[in-house]
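> Listed here are the chains, written in short residue letters.
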Amino acid sequence: MSSSCDRAGFPLVHVPDRGVFIHLLPVTKLQFECFLAEPKGFDDPWYEEVLAANPRASVRGWDDEAREQLFLTGVTPEEASAFARWLGPEWSLPSLDLWRHVYRALARTAFRPGHLDVWSRPPTDGLASRLIRQLVSDVAPATLLDVSLMSGGVMEWVRDEEGFGAIGVPRPHFAQILSDPLRSPPLRPIHPDARLPYLGFRLVRTVTPAPPARKMPGATVVRPRPGG
Amino acid sequence: MTPLAPRYAALEVAGAGEAVLVLDASHSARPHHRRILELTQHILGQLPGSVGRQLYFLGNQQAYDPAQLCTRSSQWIGENLGRASLLGPVMRRLDPSAPTKIVVLGAGRIFDLDDWVEHPLFARLALVACGEPLQPAGGSAREIACTDQGNVVGFLYDPIVRVSVTSPGFMPLWWDNAGYVCEMGDGGARLTAADVKEQRLLLRFLASRPEQLRASVLTASGSQVELALQAAAPRRPQSRVLGHLSDDEARLFHQACERRPYECPHCHDRHDWQELYCTRGRGIFGKPIYEDLPDDSAGFVIFRETPAGVEVGTCCEQVLLLDAATVAVGRGGEALLYRFDPRREMWQPDERARFQQYTRIEEHAYVVFL
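Protein chains in written order, with my numbering: chain A, 1 to 228; chain B, 1001 to 1370.
No lab work stands behind these hints, which were simulated from the structure alone.
Warning: the hint list may mix true and false statements.
As the list claims (entries may be wrong) - Covered by chain A, according to a simulated footprint, are these stretches of chain B (three or more residues, beta-carbon under 8 Å):
1. 1086-1100
2. 1115-1128
Unchecked claim - Ranges between beta-carbon positions, derived for each pair:
3. B:Val1161 <-> A:Asp193: 19 to 29 Å
4. A:Arg108 <-> B:Ala1231: 47 to 57 Å
5. A:Gly126 <-> B:Gly1015: 19 to 29 Å
6. A:Pro45 <-> B:Thr1071: 23 to 33 Å
7. A:Gly126 <-> B:Ala1123: 27 to 37 Å
8. A:Pro185 <-> B:Ala1063: 46 to 56 Å
9. B:Ala1145 <-> A:Pro45: 23 to 33 Å
10. A:Arg188 <-> B:Ala1014: 53 to 63 Å
Note that CB positions come from ideal geometry on N, CA and C, so glycine has one too.
Please take these sequences and the hints and turn them into a complete structure.
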């Protein structure tokens, strides 16, 4: 069994019928900066360029209108994959199918205040907890889908048979993209290397071989296990 | 008037703490690495030896040995060259409750500075830009110009030069830190220390508004902070027994307690009952009539009648509480009386009355001021 947080202390949601954990939220700038703190070729000039596409909001306080600035966008699938490799060999961008499966599962899972308790304890990072508490206060979620910002967040890189595409339901003032996340084909930028301000990602961690597909169970929030 | 009740409070003032230097070895600071290293070495050389030093690089939680900076700076810059300008890895490493001072020397924006604005150490952090600013204009972090090296050193090492404890109607009775003295002024009583070697203070005191008891801490740079004292459990020390009076001295003591003149054991003349020294003999200071008292006996001394004789002991309180609104405060060679003025919430000197030697403080205990 694995920890329910990544090594930056950001929580994951367990999707047992697919044998994966997935980031509760799109990858944040705060989270990505743990990776940036190690010399891996992503230095100040690179980050300045990324922030030029979508400035950085601090988890210490942000305007809800600008909450998308919390998340890392303007990155390519290759750069997202570099972050995945830093997290570990079992990490990757989600497939389109998995992303949609998680979307449906989270939409069926009611949000409970007890979830916040789980995300407020170690190994969840203190700043990550703060971010989630503020987000829950702003969003007033009915389901875990609302918390996850798979709807109301950024466009997210996914893998499919054609390579990489982006899917999601951004808020209109952030990006005017009309697509149905469960039916529309993924968005494929004309220039995949361009730093598009609305393109972010979340990652999955595969922990067990996927069991045979069952009939649509919900997603679960597992209690954190330090050092898992 | 509601009588003032003795209370206990504790204070701990932070010491100078450690100096943390965080260097920017990122690409954005590359043209300024030499300047950053020179400045760092200058600062390390200027800090007093008593100040602990820590060295970090932006984006890196690993601590480096400042003593090796001269010989290994090139290697360390190389190790940290590809890191992003992030403060988080260092801030997560530091103890937020420690009185640490942090100086970041670099060039170019620190990306996550805003995340740490509410962190306890943020108020103890200063940015020194050796090139482009480390934060946007109007940023919330303190900035010191890189040309003002003295100010950087002064920021990192800013010793306490004075602590002053007071509140409305304040009167200290006993305290356990010998660095503090009771000062009586127009503004009332204060407990002050000029050189705070021991950082903890426990005191027994009177105050009309004890909840407002505050310590004002002034540092060498002129910065001043107010600290609230914490209520503490009573811990009144026992007085120290100095010895017992001889039979002749005990007889003299009883006469004095009855306010009768006594025959001086030195000059054999009659002395007023309040006189504790014979000045008719040798020496300008006179000779103590209780000769067996230790030479260093000073301040308030208690005589206690016991079955074994008259025991002499120190008074554990530096200020003697005589009744709910009267205290005696030792000043040089005499004890002055102060009375509490409830209207002004202040202790005022009593010009008309004097401290009476052999004042009875308990059924069989009397106090004198030496």
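> Which of the numbered hints are not met once you compare them with the structure shown?
The structure conflicts with hints 3, 7, although it agrees with all the remaining ones.
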